[in-house]
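Using the sequences and the accompanying hints, generate a full structural model.
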Amino acid sequence: MATTPINQNPIAPGTLPQTTFVNHDDDELRRRQSRRLVGRIVSYVLMTLFGLLFAFPLIWTASSSLQTWQELRSYIPHLLPATPQWINYYQVFTLVPFARWMLNSATIVLINVPGTILTATLTAYAFARFNFFGKGVWFVLMLSTMMIPAIVTFIPQYLLFFNLKMVDTYVPLTIGSWLGGSAFMIFLLRQFIMTIPRDLDEAAIIDGAGPLRILWSVIMPLMKPALTTIAILQFLADWNDFFGPFIYLNTMSKYTAAVGLRTFQVMPLETTDPRDQLLMAGAAIMTIPVLLVFAAAQRYFVSGVVMSGLKL
Amino acid sequence: MAKATNNVSLAPARRRRGVSPAQRRQNLYGYLFLTPWLIGFFGLFIGPGLYSFYLSFTKYDVLSAPVFISLKNYTDMFTKDDLFWPSLARTAYFALVSVPLSVIGSMLLAILLNSKLRGITVYRTLFFMPSLVPIVASVVLFKVLLDSSFGLVNQGLRGLGMENPPGWFADSKWAIPSLILMRLWGSLGGTQMIIFLAGLQGIPTELYDAAAIDGANSWQSTRHVTIPLLTPTIFFNTVLGVIGALQTFVAAFVATQGGPAFATWFFALHIWKQAFDYFNMGYAAALAWFFAVIIVALTLVQMRLSRRLVFYYGE
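Line order of the protein sequences matches chains W and G. Letter by letter, the first sequence follows residues 1 to 312 in my numbering. Letter by letter, the second sequence follows residues 1001 to 1315 in my numbering.
Hints were generated in silico from the structure; no laboratory data involved. Virtual Cβ for every residue (Gly too), placed ideally from N, Cα, C. Any given hint might turn out to be false.
Unchecked claim - Covered stretches of chain G (chain W as the covering partner; in silico rule of three or more C-beta atoms under 8 Å from a C-beta of chain W): (1) 1107-1119; (2) 1131-1137; (3) 1264-1272.
To be verified - With a cut-off of at most 25 Å between alpha-carbon atoms, the simulated DSS-like pairs for lysine-lysine come out as follows: (4) G:LYS1059 to G:LYS1080; (5) W:LYS165 to G:LYS1273; (6) G:LYS1080 to G:LYS1273; (7) G:LYS1059 to W:LYS165.
As the list claims (entries may be wrong) - Pair by pair, the computed Cβ-Cβ distance ranges are: (8) G:PHE1276 to W:GLN298: 30 to 40 Å; (9) W:PRO274 to G:ILE1046: 40 to 50 Å; (10) G:ILE1104 to W:VAL42: 12 to 22 Å; (11) W:SER144 to G:TYR1054: 13 to 23 Å; (12) G:PRO1228 to W:PRO274: 48 to 58 Å; (13) W:LEU46 to G:LEU1160: 16 to 26 Å; (14) G:LEU1309 to W:ASP273: 50 to 60 Å; (15) W:ALA297 to G:ARG1223: 27 to 37 Å; (16) G:VAL1062 to W:TYR90: 34 to 44 Å; (17) G:LEU1309 to W:LEU46: 25 to 35 Å.
The following block contains the structure:
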């Protein structure tokens, strides 16, 4: 089905009646141009000012993670370390098993991302392409799960996993992503699939493809931006999650980086020196992978949200 | 194969008995693909939800079996729990301040970043970056930055001549504003703003052309074209923002453990403490259900209001 493009001007440039521009003399035009220039400068100034304000805490993380605690506690603040204390980063890995914790976080991410991609896509595909009995009801039920606070189901879920002797394993932290993932992600994927023309499905049916074949060979390749978005959202959710791992994991060697960093904040060490610089180094270490992943997938991420046509 | 699909287009003729083969196929595949989600929905959501509803009428400390005590948990929370009303009020305060600031802030930021200026993606990335910082990491950062004596912010304020800068996380009056500040830093340029950008890019350009021909300046076209057409996005972000803000407690827990002097003891933290520190599972379940009712009611009220306030272009 050919749809009429929305953004195209219905009047071709050449056919525009000449009279439209007659009343704009040169002065008017110049005034308009200079006003636009001023507007542009104002935009840049505003964006740069706010940008610096937003970037500053990140810059400060980097800088303070390389200072000594004496520098951090001196009465005249040091914006930059006198000599970068790379040893802080070394100490984070030796005082606490930070490498282990990072690896644990990565493990959970690596289990959950394929799970969500697979099962959230299947769910979204069912909602977007099949007119099964009761579809409307299930869809509303799915969306309404977004309203219910996590804590309502968290308590009985904990009791369930407690009775199944699965506390202190990664099962409670990973099972959800293999059972559809979050409602928001399913919704996003469903919106995206709806934008893919059905003609493509029908062409594949004529070629003898079944529903799974269509999903795998026709729809999923076109969903790359949306799937990348989902993968990033899942990665962020797992990497940043504190609530789940904090309750479910008891053994220190099983901690994730988020729980580990918080433990590092409060755990007793041999020395009672302030450890702000070490905590900052830890914060930087656990933030770097997120920034790297985002940098690699950034162009898909924005277009994934935009193209899913979040028409609400 | 081809024949079966031809029937799909005729499908709307639904009969009470005798489902057509095409419809049967739709049902079969629909439910087949829905299966993983259905298992999760019943196993991790409906089942536990019902169990927690049952628990809310019991006294349960995990070690011994639940004892049915009828409505006692619900009456206790209103009458005997000293932390109940204050924690609810604190949560409301946090949501009422942080949600409007973050929704309006990210909308303005999105309008600013929606231009086609050179280098705009660099700026978008810059504003998005704070939202990527894990919450535990940003707590560590803000606690150092806002430390009452050695924090850079207070040193700066003293340098500017303020004698007694706020104690931030250490001061019961400033603890919630500190959390709001942290949240704004982490959310203004984040997904909310991306959703606003998506909304802005969905506004047909001919509306701006028409406004320009009518002689509207940029403020007027923002006021009369952009904002009305963004109301669905504003609505969406507000609803999700309220749901999120009411449930915040991780930042409060990691930064201040609900203190100082219960200043950041939010309602969700209260439930959490009852459940996992004091093992009052039954009472915690009752609190959680009360909380769920409040959140659902607030969401429904917002949806009702949206009918009057939200403008859908082209309807």
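Tell me, in ascending order, the numbers of any earlier hints that this structure violates. Those not satisfied: there are none.
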